[in-house]
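Colleague: Residue-level listing of the chains:
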Amino acid sequence: MTVLTPLSAFARTKPLHSPASLPRWQPGRTTHALHGEVFAPAGEGSGAAMALAMATDAAQAGEERAWLWVQDERSLKLGGRPYRPGLPGPLRDRLIHVAAKSAEDALFALEEGLRCRDLAFVIGEIAANPRSLNFTAARRLSLAVERHGVPLWLVRLDAQSDLSSARQRWQVRAAPSRPPHWNAAAPGAPAWQADLFRARAHPPGKWILRDEGTRLRAEPPHQPSHSVDLVSAAGDRPLAAG
Amino acid sequence: MHAGVLLADARALCPELAVALGDPGGDLAFLERLALWARRWGPWAALDPPDGLIVDTTGVAHLFGGEAALLDDAATRLAACGLTVRLGLAPTAGAAWALAHYGPERAILHPQDSLDDLPVAALRLDPATLLVLRRLGLKRIGELSGVARDALARRFRNTRAPAANPLIRLDQLLGRVPEPLLPVMAAELPLVQRRLMEPIRHRSLLDRVLADLCEDMARLLEGRAEGARRLELALWKVDGEVPVRKLELAAASRDAAHIARLFSGKLDDLDAGFGIELARLSAPWTEPLALSQGDFERAAEAHGTSLAACIDRLGARLGAGAVRRPAPVASHVPERAQRWVPPLEPEGAVQSELVFHARPLKLLDRPEPIAVLYASPDGLPRRFRWRGAVHEIARAEGPERIAPEWWRERGTVRLRDYYRIEDGEGRRYWIYRNGIDGDGRGGMPEWFMQGLCA
Numbered sequence: 001m002t003v004l005t006p007l008s009a010f011a012r013t014k015p016l017h018s019p020a021s022l023p024r025w026q027p028g029r030t031t032h033a034l035h036g037e038v039f040a041p042a043g044e045g046s047g048a049a050m051a052l053a054m055a056t057d058a059a060q061a062g063e064e065r066a067w068l069w070v071q072d073e074r075s076l077k078l079g080g081r082p083y084r085p086g087l088p089g090p091l092r093d094r095l096i097h098v099a100a101k102s103a104e105d106a107l108f109a110l111e112e113g114l115r116c117r118d119l120a121f122v123i124g125e126i127a128a129n130p131r132s133l134n135f136t137a138a139r140r141l142s143l144a145v146e147r148h149g150v151p152l153w154l155v156r157l158d159a160q161s162d163l164s165s166a167r168q169r170w171q172v173r174a175a176p177s178r179p180p181h182w183n184a185a186a187p188g189a190p191a192w193q194a195d196l197f198r199a200r201a202h203p204p205g206k207w208i209l210r211d212e213g214t215r216l217r218a219e220p221p222h223q224p225s226h227s228v229d230l231v232s233a234a235g236d237r238p239l240a241a242g
Numbered sequence: 001m002h003a004g005v006l007l008a009d010a011r012a013l014c015p016e017l018a019v020a021l022g023d024p025g026g027d028l029a030f031l032e033r034l035a036l037w038a039r040r041w042g043p044w045a046a047l048d049p050p051d052g053l054i055v056d057t058t059g060v061a062h063l064f065g066g067e068a069a070l071l072d073d074a075a076t077r078l079a080a081c082g083l084t085v086r087l088g089l090a091p092t093a094g095a096a097w098a099l100a101h102y103g104p105e106r107a108i109l110h111p112q113d114s115l116d117d118l119p120v121a122a123l124r125l126d127p128a129t130l131l132v133l134r135r136l137g138l139k140r141i142g143e144l145s146g147v148a149r150d151a152l153a154r155r156f157r158n159t160r161a162p163a164a165n166p167l168i169r170l171d172q173l174l175g176r177v178p179e180p181l182l183p184v185m186a187a188e189l190p191l192v193q194r195r196l197m198e199p200i201r202h203r204s205l206l207d208r209v210l211a212d213l214c215e216d217m218a219r220l221l222e223g224r225a226e227g228a229r230r231l232e233l234a235l236w237k238v239d240g241e242v243p244v245r246k247l248e249l250a251a252a253s254r255d256a257a258h259i260a261r262l263f264s265g266k267l268d269d270l271d272a273g274f275g276i277e278l279a280r281l282s283a284p285w286t287e288p289l290a291l292s293q294g295d296f297e298r299a300a301e302a303h304g305t306s307l308a309a310c311i312d313r314l315g316a317r318l319g320a321g322a323v324r325r326p327a328p329v330a331s332h333v334p335e336r337a338q339r340w341v342p343p344l345e346p347e348g349a350v351q352s353e354l355v356f357h358a359r360p361l362k363l364l365d366r367p368e369p370i371a372v373l374y375a376s377p378d379g380l381p382r383r384f385r386w387r388g389a390v391h392e393i394a395r396a397e398g399p400e401r402i403a404p405e406w407w408r409e410r411g412t413v414r415l416r417d418y419y420r421i422e423d424g425e426g427r428r429y430w431i432y433r434n435g436i437d438g439d440g441r442g443g444m445p446e447w448f449m450q451g452l453c454a
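Quick note, the sequences are listed as chains F and H, same order. First residue of the first sequence? That's 1 in the numbering used here, and the numbers climb one at a time after it. First residue of the second sequence? That's 1 in the numbering used here, and the numbers climb one at a time after it.
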């Protein structure tokens, strides 16, 4: 007599990638080349700055190779060109910039850059959701990254998060910076509100990322009532009016 | 009957005369096209109006199997075009002209040959000078050398134009004085070509020919220990057109597959018409390249491309101006503090940049005006409107005053006060006020957005 195995024995006790089993994302832990996407508003510099910070965060110390920054025409018009005196010091003299006319050309330049062994990493900036940047194009980029080991951070300005094969997808916007020690009225070191909404190796999460010159620091996001130590502005009304 | 007779006189002598209208402009245009086409026999050709062409065949004859074969080829091809031609081949343009006009058919001047028997008209002189020589009884070129040279020099001492001075023409003929038509030095261009038995009309065949040409060129360059920086591919079509494709490389290279790949991207819009009968690849700009390189394509699959190859590929598709690198410039004016240079150009020596002031990560190509709200004429506004959104200024650093460069700009340019600001949501910008109130260089100062900070 055949003993039938109950069907429940084949059922998985846990889903294949349970979010609980994956390690939480931490800065400075990424070692392999990665295809990342950063969604950011076009009216601020946070997208490109965050992509640069992530790329340098994963790079080894003493990196000497050039890096590529590809922009399509629309993103160039919206967000401006890279400005050498404002780039982080070690990256300044190694930038190669590509101004592509269309998104197709930008994708071509990104893929050629990823195939180049003499590049440290590739940053791309593409505005909105062009037709040519579909899932197939994203998959091509992911495969090129994995095959040649050159990291890619693609900044999407004012774009919807459509289908993509990127290994990490972030939603980013600027966050108020910490006041510097020497002049509390001045803007401080860059900070961003970063939302990792999809990742292959990590569970989703939200952080305030601060660029501290040499390394990236992640903090838990602000509580909704963050103004514990500050009195909110009185505005244009008598205080007694409440 | 001779040239210059009035039509009425000619008709009176010969009433059944057939008349065809002349078209000098059209003839010249045709001659120009023919000169381009005639470059198939040499890399350099010039017009000799109204009815002549000069082609420099230095170092080319072996491609056709010798000088005689070259002339035969030229005669057949030109006859096929319906042209009646006389050909001459000589070491100088003057001698070749003399042979073509007054020498035997398809004459080739060898070192032991002499041109003494040709008439003095073969010296390309104007009619007045020819008349003088005829009156002097000098009919052949050889007789000019017979007369004492200083006697002739005395007679023509006041004429500087070569066409009026037989001595200058004689020296040009013999190559004693350079003639501006000739290249001053015989720079031998690396040149390879394929003459096709059957005109080709299909892309796959053309790609095959192109690959062969690139391999020939690579071998030729390897022998000279050079790499190409600029390459020209010329394709002779059966209908007489000669499309040319040019290519520049970021670094000297002689990798056949790489060059073929770059060219094939430029051939997509080519119309073969009735077919291509001759393809030629030349390298007008080469640089010494001692190291032997491996195969780009195969290595690229395994280990990735090199930076120079990557830049070549980007430049070939996007245009050379699209791939650039920022270089510092000694200037305080922000938009002038960097310029864009070719990516592999070595960095010039510059004083290190000022590090006292933070600069934005990105600079807008053109500063955009912002509308400020509640501003006192000097000092910082509390709010501003940019691209339709209102920004509340929460923190600011400044002003950093940058004066215009008086040695470069007009006196009416106003100074700028820069502020690094952060708005209520944490967005960091670089804005400036153009001028100060009452500086006598315009009305109320305006505000501009120039940079986006990290």
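In case anyone wonders, no lab produced these hints; they're calculated from the structure. Quick reminder that beta carbons are idealized off the backbone N, C-alpha and C, glycines included. Heads up, a few of these hints could be off.
[Unchecked claim] List of simulated lysine to aspartate or glutamate pairs, EDC-like, C-alpha gap at most 20 Å: (1) H:Lys246 to H:Asp171; (2) F:Lys101 to H:Asp212; (3) H:Lys266 to H:Glu241; (4) F:Lys77 to H:Glu335; (5) F:Lys101 to F:Glu146; (6) F:Lys206 to H:Asp271; (7) F:Lys101 to F:Glu64; (8) F:Lys77 to H:Glu368; (9) F:Lys77 to H:Asp365; (10) H:Lys246 to H:Glu198; (11) H:Lys266 to F:Asp158; (12) H:Lys246 to H:Asp271.
[Stated by the list, open to error] Which residues of chain F face chain H? A partial, calculated answer using Cβ under 10 Å: (13) Thr30; (14) Ala53; (15) Ala185.
[Said to hold, decoys possible] Quick list of the computed label-pair ranges, beta carbon to beta carbon: (16) H:Trp406 to F:Trp182: 28 to 36 Å; (17) F:Glu219 to H:Gly348: 40 to 48 Å; (18) H:Arg224 to F:Glu212: 27 to 35 Å; (19) H:Trp407 to F:Phe197: 52 to 60 Å; (20) H:Val333 to F:Ala185: 44 to 52 Å; (21) F:Trp182 to H:Arg383: 35 to 43 Å; (22) F:Arg215 to H:Asp212: 49 to 57 Å.
Colleague: Could you run down the list of hints and mark each one as holding or not?
Modeller: Each hint tested on the structure:
Using a Cα cut-off of 20 Å, the hinted pair Lys246 (chain H) and Asp171 (chain H) is violated, with the two alpha carbons roughly 38 Å apart. Distance check on the hinted pair: Lys101 (chain F) and Asp212 (chain H) sit about 34 Å apart at the alpha-carbon level, beyond 20 Å; violated. At roughly 17 Å between alpha-carbon atoms, Lys266 (chain H) and Glu241 (chain H) fall within 20 Å of each other, so this suggested pair holds. With a CA separation close to 15 Å, the supplied pair Lys77 (chain F) and Glu335 (chain H) stays within the 20 Å bound.
Straight-line distance between C-alpha atoms of Lys101 (chain F) and Glu146 (chain F) comes to about 27 Å, which puts the hinted pair past the 20 Å bound. Distance hint between Lys206 (chain F) and Asp271 (chain H) is unfulfilled; the C-alpha atoms sit about 57 Å from each other, more than 20 Å. Taking the CA atoms of Lys101 (chain F) and Glu64 (chain F), the gap is about 29 Å. The hint is violated against a cut of 20 Å. Of the pairs offered as hints, the one joining Lys77 (chain F) and Glu368 (chain H) holds, with about 11 Å between alpha carbons and a cut-off of 20 Å not exceeded.
Distance check on the hinted pair: Lys77 (chain F) and Asp365 (chain H) sit about 7 Å apart at the alpha-carbon level, within 20 Å; holds. Taking the CA atoms of Lys246 (chain H) and Glu198 (chain H), the gap is about 25 Å. The hint is violated against a cut of 20 Å. Distance check on the hinted pair: Lys266 (chain H) and Asp158 (chain F) sit about 35 Å apart at the alpha-carbon level, beyond 20 Å; violated. About 16 Å separates the Cα atoms of Lys246 (chain H) and Asp271 (chain H), which keeps this hinted pair within 20 Å; it holds.
A hinted interface residue such as Thr30 (chain F) counts as satisfied when its beta carbon comes closer than 10 Å to some beta carbon of chain H; here the least separation is about 20 Å, so the hint is violated. Because the beta carbon of Ala53 (chain F) sits about 8 Å from the nearest beta carbon in chain H, less than 10 Å, this interface hint is met. Hint on Ala185 (chain F) holds. Least Cβ distance to chain H is approximately 6 Å, under the 10 Å limit. At about 33 Å, the CB distance of Trp406 (chain H) to Trp182 (chain F) agrees with the hint of 28 to 36 Å.
The hint said 40 to 48 Å for the Cβ distance between Glu219 (chain F) and Gly348 (chain H), and at roughly 43 Å that hint holds. Roughly 55 Å separates the CB atoms of Arg224 (chain H) and Glu212 (chain F), a value that falls outside the hinted 27 to 35 Å. Distance hint for Trp407 (chain H) and Phe197 (chain F): a CB-CB separation of about 53 Å, consistent with the stated range 52 to 60 Å. Taken as a hint, the range 44 to 52 Å is violated for the pair Val333 (chain H) and Ala185 (chain F), whose Cβ atoms sit roughly 26 Å apart.
In this structure the hint that Trp182 (chain F) and Arg383 (chain H) lie 35 to 43 Å apart at CB is violated, the actual value being about 26 Å. For Arg215 (chain F) paired with Asp212 (chain H), a C-beta distance near 55 Å keeps the hint of 49 to 57 Å intact.
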